Each structure stands twice: as structure tokens, then as C-alpha cells.
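With chain A's structure known, arrange chain B on it following the hints.
Chains as they are written, first to last, in my numbering: chain A, 15 to 221; chain B, 101 to 639.
Just to be clear, a hint being listed does not mean it is correct.
[To be verified] With a straight-line Cα cutoff of 20 Å, these simulated EDC-like cross-link-like pairs (lysine to aspartate or glutamate) come out:
id	chain 1	residue 1	chain 2	residue 2
1	A	Lys108	B	Asp144
2	A	Lys156	A	Glu96
3	B	Lys394	B	Glu440
4	B	Lys178	A	Glu43
5	B	Lys479	B	Asp604
6	B	Lys581	B	Glu511
7	B	Lys234	A	Glu145
8	B	Lys178	A	Asp46
9	A	Lys108	B	Asp254
10	B	Lys191	A	Glu145
11	B	Lys394	B	Glu365
12	A	Lys108	A	Glu96
13	B	Lys479	B	Glu351
14	B	Lys581	B	Asp569
15	B	Lys479	B	Glu411
16	B	Lys615	B	Asp569
17	B	Lys160	B	Asp172
18	B	Lys178	B	Asp144
[Said to hold, decoys possible] Just a sample of chain B residues kept apart from chain A, beta carbon distances all over 10 Å, derived:
id	residue
19	Thr177
20	Arg181
21	Ser199
22	Ala217
23	Ser303
24	Gly359
25	Ile368
26	Arg405
27	Val455
28	Asn543
29	Phe577
30	Ile579
31	Leu583
32	Asn609
These aren't lab readings, by the way, just hints derived from the structure by calculation. On a predicted model such as this, the values are computed, not experimentally measured, just so you know. Virtual Cβ for every residue (Gly too), placed ideally from N, Cα, C.
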Amino acid sequence: MIELTELEHDTISELINIGVGRAASSLSEMVDQPVELTVPAISFVERFSDSELANAPTEVVSAVSQSFHGPFTGEAMLVFPEVRSLELVRSLLKVDVPLDTLTDLEQEALMEVGNIILNACLGSISNVLGEPINCSMPTFRKRETRALLDDDTAGASAATNPVLMILHVQFMLRQNDIDGYVLFVMDLESIQMLRELVRRFLANSLR
Amino acid sequence: MTKSQSAKGDQPPSFDLNRDSDAADLFAALLDTADTGLIALAPDGTICHWNQWMQSRSGKDADQVMGKALHDVFPDTKLGRVSLAIEDCLKFGMPAVISPSLNQGALPLRPLPQFAASFDRMEQSIRVHPIQTKRNGTLCSLIIRDVTLAVQRDRLLRQQAAELADLVTQTKRSEDRTRAILQNTIDAILVASDDGSIEPLNSRAQELCGPTGDPELRNIIRFLLPDSEHTPLTPPPPNRLLTDLGTGVIEVLASTLSGRNVPLEVAISHFSADQRYHYIITLRDISQRKRHEKEIQRTMQELERSNAELEQFAYAASHDLQEPLRMVSSYTQLLARRYEGQLDETADEFIHYAVDGTQRMQRMIDDLLTLSRVGRHGKPFNPVPLDNLFDAIVTNFRRAGSTPEGNIIREGHLPTVMGDASQLLLLFQNLVSNGLKYSDPKNGQVRIFASETSDSYRIFVADNGIGIDPQYHETIFEIFKRLHGYGDYAGTGIGLAICKKIVDRHGGNIDVTSKPGQGSTFCVELPKELSIVAASESM
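Isolated chain A, as found in the complex (with noise of 0.2 Å):
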């Protein structure tokens, strides 16, 4: 069981709302329309079906994932159900026309508010942590909620039980509000890291 105390808590879910703050500021302005972005709740669990995303097993989502590298290792990704990814980028980009399924470019679009996201959420802990972290480069996958961790190509999470860090983003753009998730996916070992990291720095900082 991960145990975080409420200070621990809220200093990662601090830096997280950094990181996302400024994920909304560029959005914006490349999208030249206001876009907000909260993280309303932060959670942990052990296991995916415990997640509240699990509760849709065949539900088709949209990911757009990231593994990290760095005092602590996994995978972050940014996922929608498929439906709520479309409305995503096109009220982002405005599309008069909407197709039925996303298209080459819609997905890569899609790929780069991932990438905003990830990174700024990624480079604000590691920037408030003094700690730098490696990111690949974002991947796109679609498939149902049940087979979303499977067959990861990040080994530190696929090989033993990963612990999830969830966040539920909320985005809120002019027509309407959209609700994703941004999750992390460690192993027991890099959590504690992260949890080590946050009591050094509240230590540093309160000191």
C-alpha cells in the first residue's frame, strides 16, 4: 500500500497542477481559444481494475503515452475515451466537418496535447524535484480500457505489478468540458523514489 501523507498529497498534486497550468497556457495560444485544465483529483492504486477507468472494460480509449527514465522509471499516458478524444481535437482545431473515426492528422494532433501535457506535468516535478528524467517520445494507441497496460514496451512497469498514479484532467473549452485521465504507471520501487523525493524537498523547503 502506497502511504502518502495529506502534505506528501498535496505536494505532488501541486506540482502536478503546475505542470498542466502551463500545458494550458501553450495550448491556448496555439489553439487561439481559452483552454483551462484542472486536475480536480489525484489517486493511487494497486491494481488497474481498481481504477475507476476500469469500470468500462470495453470501452475504446485514446492514449497517448510517454516512458520516463530517471530516479524513478515508468510510464505516463494521457487517455480519453475515444469519443470524448474526438471532441477534444476538434473543438481544439475547430473542425466544421467531423469525420467519424479520427484521422491521420486529428490523431497526431491529438499525439502533440499529449506530449504538451505529459511533458509539463514530467518537467514540473523534475524541475521542483532537481531531479532530471528522460522522455521518449509520445506513442498513440487505441484499443479497449481491459488490454490498456498490456504489452507495454516500458519493461519497469510491464514486468512486475505497476502501482498507478491517476489523475482525472478536466479540460474546459469554450463548447464544453471534457474529462480524461493522465496516469502513471510505476513499479513499487520508483514510487517510493517519487514519495522519497517529496519528503526531501518538503524537508528542504520547510527547513
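This is chain B only, laid out in the frame that chain A set:
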């Protein structure tokens, strides 16, 4: 690598990647022949590689850009997504995807000539990678792909999708409209194919052919279709076909299971579709019309009956009146002859009035008999040359010596009309006689002339007499209408009534134009083609 190392001792390889110069040659060639743009940036953000592709698409040679920051080469990228991505890459080692949809023409590169018309800039998909080196720290690479073609395809696809969606909407709208028209039309519409199937198209048709409709109706329709060789047919019961099939108007009787008898008019048209012949059958409910037809028929019969009765009555009355009148007339005339001058003057005067009265009454009865005969004893219609007819009239007048020579003038040729010669003679004789009667006896003149319209002849009888006040133009044709006292102008007041009756029987029309003191012109208009009623009466 391992293989080339083991081969090294035996024979110097022609090419060795461990040799710096060989590796440099290879990598330089690879970079320059790549079909993507490649830029490498040093940790301080200055350009340290700019491949051949970049040179040709940006129009800037490597020499021009080496050692400069990207935003110095392309000033408009200074605050954009590319610069931020480069900064994140160099500072935090973050990779980046820069998509064409979110960043149109991220770098100011030229599109290939074939796209120049629709694109100002090349559409690009860019990857920003951190490159960790042992000696120089973190470098940054930009890989730029030209995706203009994909963007163009995407635009085209969307345009076509939009057009398709428009078309679908339009088609749907027009279909809805057609369906609404079809459904709300009062007639029942069905379509029959040459395989004998009959499909109701609207709710009215469904009503007539559906489960509560007439089970026989489809058979009747099949029987009526021009081409029904494919299926053997049983003729419908004779009481279900209301009109003869030869007349062009087809009327059938539908007898629905809900217990209604509906007379229907059937119209059949056809069209070809899918290389097959189809018929459109329109069934119109003519119950209302049928009711009216019956009503009219009944009224007509009633009228004919009462007319016949009336004529019979008039004839009988005038005929029977003659007998006692003749008695009175004979004896008063006898009185006048035998006792004239033997009684006093007053008695002579009284006897004269009595004789005159019986004579007038005799004329009136004669006229009434004539009037009643117009309807009862008409002869069949024949061609009547009016020139000959008027010759006879003039001769009659001359023989009677009632008119001076040359006062009946014919202007031009008169037509030949269809009619009852003796009645037409009576008609025009009356008109001419009237014209002369109401004129100055010395200078009275009657002109006769004719004109023609597309479907009728008009014969005019004009005099230069006293004329008629317009308020009497209608009533003068009524029986016993007289505008003057008997003493002024002789007559029974039946002459014009006889004229009108004759003209009516010929399916024509009579009217007068006149002003007091300026003469009158009577116009008789006779149709060139006899109407069905007049023709049947003329038989």
C-alpha cells in the same frame, strides 16, 4: 560492428565505420540524402547541422545558418511552439511532437511547386528530440517531414464529406416533401409494375386497398391496365365498372369491407424505371360529383315534365278558347253587318269595340298557339341559307303591300345556319316587322347584316325607329310585355317572346342594343356547332 572488427586483421575493409572519416562520410551522406529535414542544435541553441533537404526547402544554405539560433534564421518562430519545444528539449531533455493541425506551417518552408497554388507554406510534422552526448551535453535534433499532401487530402476529404452531408440533407428534405405531398393528396395513388404487383403509395390508397378496403379493387385495377398479359384475369362484376371502357373516363365502384360504396374515377399514367414499365394509378373519390349528377338529372327530368305539361296546357287552353271566341266573333260581326245604322250611334260604336276586341283576342290566341308550337312542333334542323330566307321575307312583305319599296336593306352576304327553316323565317319576319312597325312609315328602314365569331354567326336586324329605353332591354323578350298602348302600335306582346323561344331552341342568344330615338339593333347569335341539348331536340 563485431563482424567488421573480426575481418579487420585479414584484409583491410574498403569501408570502416570505426574510422572517423568513413563514419563522417557515411553519416553526412545519410543526412543529406534523407527525404526529411534534419536540424541539429548545440546546447546553446545554435544550429550545428542543416541538411540538404533544409537547404532546398528553406532556400538558405548551410553556411548562412550555421552558428545562428533558429529564431535568427526564421524570426517569426521566436515565441512560437517550435522555440518553446527546443528550449524544453535543451533544458529538460523533453521530446516534442509538433503537429501540422495545431501548428500550421510551423517553419517558413516552401511547399513543393504542385502545392504552391493552395499552400503558402509547407505543412510540416516535426519531432524534437534530445540527444545526449558524452562530450557536449544535451543537443537537440529537429526532424521535419513534409505532410502537405496529407493535409491537402484531409481538406479534400472534409470538403467531400461536407458536400455529401449537404446532399444527404437536401435529398432527405426533398424526399420528406415529396412524401408529405403524396401522403396528403386527396387522391389514392398506387403504382403497378409489369409483374402484376400493385403497391399503394399513400394512406388513401392504403385505405382502399388495405385490410378494411375493397378486396376486389386490385383485380379491377389489373383488369384496367393496358398491358396485363402476364397474369390471367377474371373480368370484374359488371356493376363495379361504372362507365364504358371506350369513353376514356374510367369510373369504378369500390365496395369496402367497412361497408362503404365509393365511386372512383381512375386515371392511369406510366413511367419506365429500372428497365421496367410501371403504371401510376390515381383513384379519385367522385361520390360528391355522382350525387350532383343525379341531382341534376332529376331536376332536368322534372323540368322537362313540367315544361311539357305547360305547353300542353297552353295549347289546350288557346285551342279550346278559340271555339267560344269564334262564336262571339261571328255574332258580333253579324250584328255589325246587319244592324249598322239601324241603332243609334252609341250602339254602333259599342258593336265596333266588341268586334275589334274579338279580333285582337283571336290574334293573341293565334300567337299563343304559335308560341306553344315552337317547343312542340319543331322540325329537324337543316342547313338554312339566310339569303334565301330573307328573299322570302321581303317577298312576303311586298305581297302584303305593307311596306314601301327598298326599305329592307341587306348589307353583304348572309351565312347558312343550321336550324328549323320555318321557325327561322318566323323569327326574322317578326324582327323585321317589329323594326318597320316602330318606325316612321315613310322613312322607316331595316338593315340586315351578319358577322362571324370563331364558334357562332351573328345576324343583326337594325331599324331607325323610336328605339327602346335601356331599362326595358331585358323585359321586352318576356311574354305580354308591351311598352306602348294598343292604340299606338298594334301587337299582342308575344312576338319577341316567340323570337326568344325560337333562338333558345336553336341554342343561340338574342339581345338588343338601342337608345330612345336612335333606332334599335337586334342581334341573333346562332352557334356554328349545335350543342348536345339543341341537337337532341332537333332530332
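Hint-by-hint comparison with the structure:
Between A/Lys108 and B/Asp144 the CA atoms are separated by roughly 37 Å; this puts the pair beyond 20 Å, and the hint is violated. A hinted pair counts as satisfied when its Cα atoms are at most 20 Å apart, and A/Lys156 with A/Glu96 qualifies at roughly 8 Å. For the suggested pair B/Lys394 and B/Glu440, the alpha carbons sit about 66 Å apart, so the restraint of at most 20 Å is broken. As the CA atoms of B/Lys178 and A/Glu43 are separated by approximately 14 Å, the hinted pair is consistent with the 20 Å bound.
A distance of roughly 14 Å separates the Cα atoms of B/Lys479 and B/Asp604; the hinted pair therefore holds under the 20 Å criterion. Note on B/Lys581 and B/Glu511: the hinted pairing is violated, with a Cα-Cα distance of about 31 Å set against a maximum of 20 Å. At most 20 Å may separate the alpha-carbon atoms for a hinted pair to count; B/Lys234 and A/Glu145 meet this at roughly 19 Å. For the hint pairing B/Lys178 with A/Asp46, the CA-to-CA distance comes to about 17 Å; that is within 20 Å, so the pair holds.
For the given pair, A/Lys108 sits about 14 Å from B/Asp254 by alpha-carbon distance, which is consistent with the 20 Å threshold. Taken as a hint, the B/Lys191 and A/Glu145 pair is honoured in the structure, with Cα atoms around 12 Å apart against an allowance of 20 Å. For the hint pairing B/Lys394 with B/Glu365, the CA-to-CA distance comes to about 16 Å; that is within 20 Å, so the pair holds. For the hint linking A/Lys108 to A/Glu96, the alpha-carbon distance of about 18 Å falls within 20 Å, and the restraint holds.
Between the alpha carbons of B/Lys479 and B/Glu351 the distance comes to roughly 37 Å, so the proposed pair goes past 20 Å and is violated. Between B/Lys581 and B/Asp569 the CA atoms are separated by roughly 14 Å; this keeps the pair inside 20 Å, and the hint holds. For the hint linking B/Lys479 to B/Glu411, the alpha-carbon distance of about 17 Å falls within 20 Å, and the restraint holds. The straight-line distance between the Cα atoms of B/Lys615 and B/Asp569 is roughly 6 Å, inside the 20 Å bound, and the hint therefore holds.
Between B/Lys160 and B/Asp172, the direct Cα distance comes to roughly 12 Å. Compliance with the 20 Å bound is thereby established for this hinted pair. Restraint check for B/Lys178 and B/Asp144: satisfied, since their Cα atoms lie roughly 15 Å apart, inside the 20 Å limit. Listed as outside the interface, B/Thr177 is consistent with that label: its C-beta sits roughly 13 Å from the nearest C-beta of chain A, beyond the 10 Å cut-off. Not every beta carbon of chain A lies more than 10 Å from that of B/Arg181, the smallest distance being close to 6 Å; the non-interface claim is violated.
Not every beta carbon of chain A lies more than 10 Å from that of B/Ser199, the smallest distance being close to 4 Å; the non-interface claim is violated. Every beta carbon of chain A lies more than 10 Å from that of B/Ala217, the smallest distance being close to 20 Å; the non-interface claim holds. The Cβ of B/Ser303 sits about 36 Å from the closest Cβ of chain A, beyond the 10 Å cut-off, so the non-interface label holds. No beta-carbon of chain A is positioned within 10 Å of the beta-carbon of B/Gly359; the least distance is around 54 Å.
Look at B/Ile368: its CB is around 46 Å from the nearest CB on chain A, clear of 10 Å, so calling it non-interface holds up. Every CB of chain A lies more than 10 Å from the CB of B/Arg405, the least distance being 79 Å, so the non-interface label holds. With a closest Cβ-Cβ approach of about 111 Å to chain A, B/Val455 is found to remain outside the 10 Å limit, as its non-interface label requires. Remark: the non-interface label on B/Asn543 is consistent with the geometry, its nearest Cβ contact in chain A lying 96 Å away (cut-off 10 Å).
Non-interface status of B/Phe577 relative to chain A is upheld: no Cβ of that chain comes within 10 Å, the nearest being about 80 Å off. Chain A leaves B/Ile579 outside its interface by the beta-carbon criterion, the shortest separation being 86 Å against a cut-off of 10 Å. The beta carbon of B/Leu583 is kept farther than 10 Å from every beta carbon of chain A, the shortest such distance being approximately 88 Å. With a closest Cβ-Cβ approach of about 72 Å to chain A, B/Asn609 is found to remain outside the 10 Å limit, as its non-interface label requires.
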